[in-house]
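Novice: We have chain A; now place chain B onto it with these hints.
Single-letter residue listing:
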Amino acid sequence: MVGRIYMSFCVMLLIVIIVSMVYFVASKGIANFVNGEVKVSEFLFGTKWSPEADTPSYGAFPFISGSFLVTLLAALIASPLSICAALFMTEIVPGWGKKLLQPVIELLSGIPSVVYGFVGLSVIVPFLRNTLPGQGIGVAAGALVLSVMILPTITSVAADALASLPQNLKESSFALGATRWQTISRVILPTTFPAIMTGVVLGMARAFGEALAVQMVIGNAPFVPRSLFESASTLTSVITLGMGNTTMGSPQNNALWSMALVLMLMTFVFVLLVRMLERRNKI
Amino acid sequence: MKPRTADKIATAIIVTFALLIVAILVGLLGYILIRGMSHISWDFLTSAPQKIRAGGGVGPQLFNSLFLLVLTLIITIPLGLGAGIFMAEYARPGRLTNFIRLVVEVLSSFPSIIVGLFGLLLIVNTFNLGFSLISGALALTFFNLPLMVRITEQAFRTVPKQQKEAGFALGLSKWKIVTSVLLPVALPTIITGTILSAGRVFGEAAALMFTAGMSSPRLDFSNWNPLSPSSPLNPFRPAETLAVHIWKVNSEGLAPDAIQIAAGASAVLVITVLIFNLAARYFGRFIYRKLTASKRMN
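Top to bottom, those sequences are chains A and B. When you line the first sequence up against the working numbering, it's residues 1 to 283, in that order. When you line the second sequence up against the working numbering, it's residues 1001 to 1298, in that order.
Chain A on its own, in the form it takes in the complex (with noise of 0.2 Å):
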């Protein structure tokens, strides 16, 4: 008796935690909008950051598209990395091909992501400063890095999505002559699809609301991006920076908590993502 109270205070205080997180941020990232000092309109789509002109202006649009920009780059240049190391641990040499890759995606998953800021800061940087046109950092830096991070995430969904499909499924395709590729390509892929996408979703999340290693790499200058050796900035590396440098409850103070907010709704939307994408898989 005493053993089941006990495990119902633990997961009351579960819904507690969310419930005040959703109510203290979204309270501080409302306040602007509610005593009318920035409109909403304005914040989400002004591509003017100037808190300390004269005539303030509260556009957080650089920010936003800059956020999306990087976690989308990162996406494109991690998922096809982590897909094919899942085949290769699953499909191509299933026996060593997981015992070499499990340690390396565990072991690139534990490494701290001002780890990755350091190294993206002192090997990536330098690189790209050296071979391309522009300072080296900026957005290229930036989804370099965060690719990196989110490869473990990509590659454990994907490799957890090959292993649990059913062998007749493959075997079938091979009995009528198709060669390996062609079953990965025809058979494998488009029945994991929704699985894998679920991976990718989660490396977006993730590569969306990281904010340190982003910060040390993106440049973070407020300006909407010209190309991708420009320097920008993100949600997170704003709030990063600004959060200590502003007196609490002022107007630029309250635009950083919106900016908090709309990363918060933006894993609702990721979670919503993922739950439809395991809904589809179901079928």
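No lab work stands behind these hints, which were simulated from the structure alone. Where a beta carbon is used, it is the ideal one built from N, C-alpha and C, also for glycine. Please note that the accuracy of each hint is not assured.
[Stated by the list, open to error] Here are a few chain A residues that sit away from chain B, every Cβ distance over 10 Å (derived from the structure): (1) Ser41; (2) Leu132; (3) Gly134; (4) Ser156; (5) Ser172; (6) Met248.
[Claimed, not checked] DSS-like mimics (lysine-lysine), calculated; alpha carbons at most 25 Å apart, straight line: (7) B:Lys1161 x B:Lys1176; (8) B:Lys1164 x B:Lys1290; (9) B:Lys1174 x B:Lys1008; (10) B:Lys1008 x A:Lys98; (11) B:Lys1002 x A:Lys170; (12) B:Lys1008 x A:Lys170; (13) B:Lys1176 x B:Lys1290; (14) A:Lys170 x A:Lys98; (15) B:Lys1164 x B:Lys1176; (16) B:Lys1008 x A:Lys99; (17) B:Lys1290 x B:Lys1161; (18) B:Lys1161 x B:Lys1174.
Specialist: Quick look at chain B alone, frame taken from chain A:
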């Protein structure tokens, strides 16, 4: 193109990409360890950082990271176990259970910076605990708890059904079955998962910047009174952790050897995570042998 040629080309591409990932990891670890190891010394690990001069260490930061990890685990393990066992064994399928599952899912996919900001609002400002170890530990609790729940639930679900049925056949109560039949079998998985999650907590920075703070007071390691402000054991003092330190040194470090300090600290962080990984593997296997009869069955 002939199907055979296409097959060969595709296989080559898949193998190349898979090996590329291995190469990325080897390059990454090699770079961090080789760059950082030369800077690690006993002095680096124990001395305090310098603001402007060269030669600072990461002693207090390392201690803060470990202390914060211990505090977090003390809070999250009992709570996570409770909620996880409830979800695996007691929750009946239905609306409420689905809702709790959604809560755990959302909570574990929140970006860590959101967790940090929430900690700033609720713990630091509303509860008035300030930038302190205890604020940091509570923020990390929000961060780690959903993970612990998931680990526990999955560990309980993998226990063979016969174990439970045998317990019922002996006339044991549900609680007795959970504590003395299922828990010992699930424990190795739980311990492995907990140690791996500890690695994540140890390297977390974004959630701590706004809760544990970005500074560390002068610590006197001979002072063991947990209420004195200069005591390392005082949970109400601000505490900069190793990961936060790396971030700070990289983005606003003034010391001339900032890059070496970042390299050394990164190496310490990665080595610790590697140790956690190895420990999880061996400890889980060890406990499994101790608690179950698997030795006799083989």
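Novice: Could you run down the list of hints and mark each one as holding or not?
Specialist: Results of checking the hints against the structure:
1. Ser41: Consistent with the label, serine 41 of chain A stays out of reach of chain B, its closest Cβ about 24 Å off (over 10 Å).
2. Leu132: 20 Å, holds
3. Gly134: Non-interface label stands for glycine 134 of chain A: nearest chain B Cβ at 20 Å, farther than 10 Å.
4. Ser156: 12 Å, holds
5. Ser172: At about 17 Å from chain B, serine 172 of chain A clears the 10 Å cut-off, so the statement holds.
6. Met248: 7 Å, violated
7. B:Lys1161 x B:Lys1176: Satisfied, since the Cα-Cα distance of roughly 16 Å is no more than 25 Å.
8. B:Lys1164 x B:Lys1290: The hint holds at about 20 Å.
9. B:Lys1174 x B:Lys1008: Violated, at roughly 57 Å.
10. B:Lys1008 x A:Lys98: At roughly 21 Å apart (the allowed maximum being 25 Å), lysine 98 of chain A and lysine 1008 of chain B satisfy the hint.
11. B:Lys1002 x A:Lys170: Holds, because 21 Å separates the two Cα atoms, which is no more than 25 Å.
12. B:Lys1008 x A:Lys170: 18 Å, holds
13. B:Lys1176 x B:Lys1290: 20 Å, holds
14. A:Lys170 x A:Lys98: Cα-Cα ~19 Å, so holds.
15. B:Lys1164 x B:Lys1176: 11 Å, holds
16. B:Lys1008 x A:Lys99: Roughly 23 Å between the alpha carbons, so the hint for lysine 1008 of chain B and lysine 99 of chain A holds.
17. B:Lys1290 x B:Lys1161: Answer holds: lysine 1290 of chain B to lysine 1161 of chain B is near 21 Å, not above 25 Å.
18. B:Lys1161 x B:Lys1174: Holds - the C-alpha atoms of lysine 1174 of chain B and lysine 1161 of chain B are around 14 Å apart, at most 25 Å.
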